[in-house]
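Chemist: The residues making up each chain are set out below.
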Amino acid sequence: MEKFILKYFNLIRTIIAILIGFIISVSLIFLVSKDSIAALGYLFLGPFGSISRIGNIVELATPIIFCGIAIAIPFQAQQFNVGAEGTFFISAAFGTAFALIIQGLNLPGFIYILVVLTFAGLMGAFWGFIPGYLKAKYRANMVVLTLMLNYIAYFISIYLINYHFRDKAAGYLTSYRLPETLFLKQFIPNTRIHIGFLIAIASVFIAYYFLYHTTLGYEIRMVGFNFHFAKYSGINVFKVIVLSSLIGGIFAGIGGMAEVMGIHRRFLWQSLPGYGWDGVVVAIIGHNNPILIMFAAFFLAYLRIGGQVLNLLSDVPYELISVIEAIIILLITAEAFLENVKYRITVREAEKEAFKNESSS
Amino acid sequence: MAIAISLRDIVKVYPNGVVANKKVNLDIEEKTIHAIVGENGAGKSTLMKIIFGVEMPQEGEIYVKGKKVTFKTPMEAIKSGIGMVHQHLMLAEDLTVVENLTLGIEPRKFKIFLDKKEMNNLAKKYIEKYKIEVPLEKKIKELPIGLKQRVEILKALLRNADILILDEPTAVLTPQETEVLFKSLKELKEQGKTIIFISHKLKEVKEIADKVTIMRDGKVIATDDASNLSEHDIARLMVGREVSFERIEESRHIGNVALKVENLSYFNREKIQVLKNINFEVREGEIVGIAGVEGNGQTELVEILTGLREASSGAVYVLGQNIVNKSVREIREMGVSHIPEDRMKNGVADKAKVKENLISDRYYKNNFSKMGILNYEYIDGASNELVKRFNILAPSIEAPVNALSGGNIQKVVVARELSSNPKVIIASQPVRGIDVGSEELVHNFIKDARDSGCAVLLVSADLDEILKLSTRILVIYNGEIVKSFDKVEGLTGVDLGPYMLGLKRGE
Amino acid sequence: MNPLLKSIFSTSFLFSVLRVATPIIFPALGVAISSLSGSTNIALEGIMLVSAFTGVIVSAFTQNLWLSLIAGISAGVLIALILGYFSLKLKADIILAAIALNLFASGITVFLLYIFAHDKGVSSSLKSLVFPTIKLGLLSKIPILGGILDNQNILVYIAFLSVIIYYVIVFHTPLGLKIRAVGLNPDAASSVGINVVRIKLYALILSGVFGALGGLYLSMGYVSWFGRDMTAGRGFIAIAASSIGGNMPLGTFLGSLLFGIVYALANFLAPINIPSEIIQVIPYIVTVLVLTIYSARSVKEKEVGEE
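Protein chains in written order, with this note's numbering: chain A, 1 to 361; chain B, 1 to 507; chain C, 1 to 307.
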């Protein structure tokens, strides 16, 4: 049992953190709701109440998965950053603009989609390259840098869409509608789950494979573990830092454009949608492992949809979810949380081991 | 004369089992300059840490001016009038000298404001009293190292230190700065301060110290008036121990020059010349030992040879090719292997798997990967083979390196470095801090590498290790190769000591 | 004179610059003091929100400005303390903990707003107070300056005062000296007996106080209600402002003012159809450049991979 605890300590810690988050939220519900039992039902079971709600979970998880991967890849090289938000946004804006510009070429559907997604990926790569390069070259603080780049991305995007691609007939601030050939098909009836979701799942496995099965992924992880060691071993640390940031950007870029092509069909954001921050959250919960990030994204989306159902049908507001999320993140990132438990078990195990050796010799 | 500090039967065992002090007894007289000398690992630093409250001994008693004390933190030591000048100066570079001096004991105005005038006055008072000049308004980062050190000494005096511990204060100084420092120290002694001075430089010890204590293997070997001991006496006491090892067998075949260092010089960031015109060569099938007290340029030399640092001038040839300004990877690909002096910093990524650590220099090569894709089947096979061949005790190749013992971590490093088919092996402190069993194994691996035709450069502060393994020995002192011994058989520490300590130099 | 330039150099424009800059000056000082101690505090967004909310609620229920002030500051300090507890004691990464706290603040304020005011957007159904504005009386006749300063909220004046207080704390108190020492070289600080963790915590608390004042100004001066996420990124802009100013008092103040000018300008330009985004993006680009240049200066002392 104790060996089991040690082996899966991180997982168990994450689960305990989530449980504490739940306990607090349940208490809050009991505190404020007149019909708390029903409210609990809405929160936890509501998301599975209908096909369309399950669809909502998947729809919401899609951009979060992209951004989670985008954050996790530089995280793996110990490059903390919050840049997915801006990369997602600016790639979607420039992707939309690009798609509208080349509309006249009348490319066949599949090619058209591929070209536009590739462009968005490249835009993301470019936007990821900037902080990566500035960090590697000048050691600028990457968190602050990416925070600022998010705003820069926002203003440039809004300017581009509102002044050059604005659909004046729409009655609100938005870009022209994308041509229909560019729509990512929504393939499950009664939901808006679209091809972009499949791309997200594919990205999860591509990113996993990239990190754990390619030489560059190996380099990224080694730099993250110990950059002195990486340097000593002959790994080009400069290159790795820049590339990790750039590659993360590709995923955010594709994610942003896929969201436009799959759900909204035009660029209609007037403020940052916040998926980049969600990406940071799932990257933390998923310990930067793409597959775990996917589950974390589903979990987060499930919570959010539960919150929406709760909000709709009970007297408990949606924002409860942010509180749960915050508590879970706090506990997961607190390295010392439960560390003394681990320590005690380790010592006990070591003593047992020593005793066994003594008695056997 | 009154005794300032008295240590009785001090025993210190570190958690990893290293016994640093074995029943140390030592009396430091008041108003003297007392030098403590000894090889690396003799236990001097540990003893000073105990006096200053950084480490706590398992056994023994400490008396300060006759009063028994137990220091749990440096603060308690400071309150008892002990001050320490660390080798790495403890100063905030962006603060001014006066701010650094008064940090933590600032004079106040109305209880909550800094009284800047009083801060200046306080500092000036001490400057005048001890005649240690420092520019009060300048920032620390604008000062040369010698001045920074003076600030550090003054800082201790401002906290009313009566007993000053200086940990190798001259290691970073130019000769002129050293002279100034010594003048100050003598002045301080005149004013009634007691000074404990750790050094490797025997000439300095003779010049400045009243008393000398020689430590070896965690014990005090002798304490005497400096005037009673010649530099050669001290050197003999420091290194002259029983020979407790057998030399490995001689090289059977010595081939061509594999590593050649030509007129190599290096200036560090403080513009101090750390390496002075180094020349030597290492041939295939021989082990050349670089003996020397640590901090005489070995670290820099090794880093230059392996591409981690840029030389200021000179050339390094591996099999005839100049490696200066080449990248680490290029140098490794030319057949240079590197066992680093600090394995946890450079040698491994401790949270990564054993197998990931074993391939860090070759993951991109054929078989280990193809077109950028890692071939785990091959990697696992190769790793398991290395674990077996190098006798690494690990739960599995999937285990993180930090689950292994120190000796086995070092075996991981050695396994990687010796299995890359190297032509030149740079081994720096290869057995430091590991158990005797692992030590023996690592030494055997190095010998096998030599016999298979590798050129080995062994850099070690451990004389036994140098004498046991080396085909030839070079002695480095103050960034210079001061002596080379072409025949090692029959040599003892006593032969090397005077060169290592700068008392003698070869022709 | 060109009507555009005329409106820019009008007193009403400068009046609004100060108005807009105030909720940036406060958190920027908060970011600056924690940066000096060596912590990057990106939780000002959350601190401001919680204080803005607490101030409104307490004033609505007690109708007492002093109580609201105290409650608002306490709430901000509480968030700072949680940040300190998690990052210093439980060894959480301070960036991630701050992200969590921003999320928490955003959620809990709206959650409680709904409980207290049955509204999830704004608190206008509550009768909350505002801090008084200062009437200069005769002094308002001073050309230009009178027009800029007359009728400003008292917290605008306190913002100016805070810059001076910040300067005094940092350069003229033992605490400030210790904060700087801890940020520059924690080993050196602890070698003379300074408790590094405690000093960092004090810096975070001060950062909470400054942030709280910014939050209070937003909901009880700038406007007279609490709105969801009403900080609108000012806690992050504050990071930019303090980076531009290198965490120094005057620099941080000028950095905040730059943002104030830019935002006021954006408002003034909106009617004449000049894309405000072009102007609004400038300070962020300036921040990136300043950060890069500043880091490049000290780059030689660090290795690749280090911050």
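Hint data in this document are derived by calculation from the structure and do not stem from the laboratory.
Ideal Cβ placement from N, Cα and C applies to all residues, glycine included.
Wrong hints could be hidden among the right ones.
For lysine-lysine, the following DSS-like pairs were computed, each having C-alpha atoms within a straight-line distance of at most 30 Å [claimed, not checked]:
#1 A/LYS137 with B/LYS49
#2 B/LYS388 with A/LYS7
#3 B/LYS148 with B/LYS23
#4 A/LYS7 with B/LYS124
#5 B/LYS117 with B/LYS72
#6 A/LYS137 with B/LYS124
#7 B/LYS353 with C/LYS91
#8 C/LYS135 with B/LYS351
#9 B/LYS271 with B/LYS23
#10 B/LYS483 with B/LYS206
#11 B/LYS345 with C/LYS91
#12 A/LYS3 with C/LYS135
#13 B/LYS109 with B/LYS49
#14 A/LYS7 with B/LYS351
#15 B/LYS141 with B/LYS68
#16 A/LYS342 with B/LYS271
#17 B/LYS148 with B/LYS124
#18 A/LYS7 with B/LYS186
#19 C/LYS91 with B/LYS49
Residues on chain B that point at chain C, a partial pick, calculated with CB under 7 Å [claimed, not checked]:
#20 LEU91
#21 GLU99
#22 GLY104
#23 LEU114
#24 ASP115
#25 GLU118
#26 LEU122
#27 ILE254
#28 VAL257
#29 MET344
#30 ALA352
#31 TYR364
Chemist: Now, for every hint given, state plainly whether the structure supports it.
Modeler: Cross-check of the supplied hints:
1. Restraint check for A/LYS137 and B/LYS49: not satisfied, since their Cα atoms lie roughly 39 Å apart, outside the 30 Å limit.
2. Using a Cα cut-off of 30 Å, the hinted pair B/LYS388 and A/LYS7 holds, with the two alpha carbons roughly 25 Å apart.
3. Note on B/LYS148 and B/LYS23: the hinted pairing is violated, with a Cα-Cα distance of about 36 Å set against a maximum of 30 Å.
4. Between A/LYS7 and B/LYS124 the CA atoms are separated by roughly 60 Å; this puts the pair beyond 30 Å, and the hint is violated.
5. Between B/LYS117 and B/LYS72 the CA atoms are separated by roughly 35 Å; this puts the pair beyond 30 Å, and the hint is violated.
6. The suggested pairing of A/LYS137 with B/LYS124 is violated, with an alpha-carbon distance near 43 Å, which exceeds 30 Å.
7. For the hint linking B/LYS353 to C/LYS91, the alpha-carbon distance of about 24 Å falls within 30 Å, and the restraint holds.
8. Distance check on the hinted pair: C/LYS135 and B/LYS351 sit about 64 Å apart at the alpha-carbon level, beyond 30 Å; violated.
9. With a CA separation close to 42 Å, the supplied pair B/LYS271 and B/LYS23 exceeds the 30 Å bound.
10. Note on B/LYS483 and B/LYS206: the hinted pairing holds, with a Cα-Cα distance of about 22 Å set against a maximum of 30 Å.
11. For the given pair, B/LYS345 sits about 22 Å from C/LYS91 by alpha-carbon distance, which is consistent with the 30 Å threshold.
12. For the given pair, A/LYS3 sits about 72 Å from C/LYS135 by alpha-carbon distance, which is inconsistent with the 30 Å threshold.
13. Using a Cα cut-off of 30 Å, the hinted pair B/LYS109 and B/LYS49 is violated, with the two alpha carbons roughly 36 Å apart.
14. Proposed proximity of A/LYS7 and B/LYS351 is supported: the alpha carbons are some 14 Å apart, at most 30 Å.
15. Straight-line distance between C-alpha atoms of B/LYS141 and B/LYS68 comes to about 40 Å, which puts the hinted pair past the 30 Å bound.
16. At most 30 Å may separate the alpha-carbon atoms for a hinted pair to count; A/LYS342 and B/LYS271 exceed this at roughly 48 Å.
17. For a cut-off of 30 Å, the pair hint linking B/LYS148 to B/LYS124 stands: about 16 Å separates their Cα positions.
18. Restraint check for A/LYS7 and B/LYS186: the C-alpha separation of about 60 Å exceeds 30 Å, so the hint is violated.
19. In summary, the hint linking C/LYS91 to B/LYS49 is supported, as the alpha carbons are separated by about 27 Å, within the 30 Å threshold.
20. The interface hint given for B/LEU91 holds, since its Cβ lies 5 Å from the closest Cβ of chain C, which is under the 7 Å cut-off.
21. With a least beta-carbon distance of about 6 Å to chain C, the hint placing B/GLU99 at the interface is held under the 7 Å criterion.
22. A hinted interface residue such as B/GLY104 counts as satisfied when its beta carbon comes closer than 7 Å to some beta carbon of chain C; here the least separation is about 4 Å, so the hint holds.
23. Because the beta carbon of B/LEU114 sits about 5 Å from the nearest beta carbon in chain C, less than 7 Å, this interface hint is met.
24. About 9 Å separates the beta-carbon of B/ASP115 from the nearest beta-carbon of chain C, more than 7 Å, and the hint is not met.
25. Violation of the interface hint for B/GLU118 is found here, the shortest Cβ-Cβ separation to chain C being roughly 12 Å, above the 7 Å cut-off.
26. A distance limit of 7 Å between C-beta atoms decides the matter here; for B/LEU122 the minimum to chain C is near 13 Å, and the interface restraint is violated.
27. For B/ILE254, the shortest C-beta to C-beta distance to chain C is roughly 38 Å, which exceeds 7 Å, and the interface hint is violated.
28. Using the Cβ-Cβ criterion of 7 Å, the hint placing B/VAL257 at the interface with chain C is not satisfied: the shortest such distance is roughly 33 Å.
29. Against a cut-off of 7 Å between C-beta atoms, the interface hint on B/MET344 is violated, since the closest Cβ of chain C lies about 16 Å away.
30. A distance limit of 7 Å between C-beta atoms decides the matter here; for B/ALA352 the minimum to chain C is near 16 Å, and the interface restraint is violated.
31. Restraint check, B/TYR364 versus chain C: the minimum CB separation of about 19 Å is more than 7 Å; hint violated.
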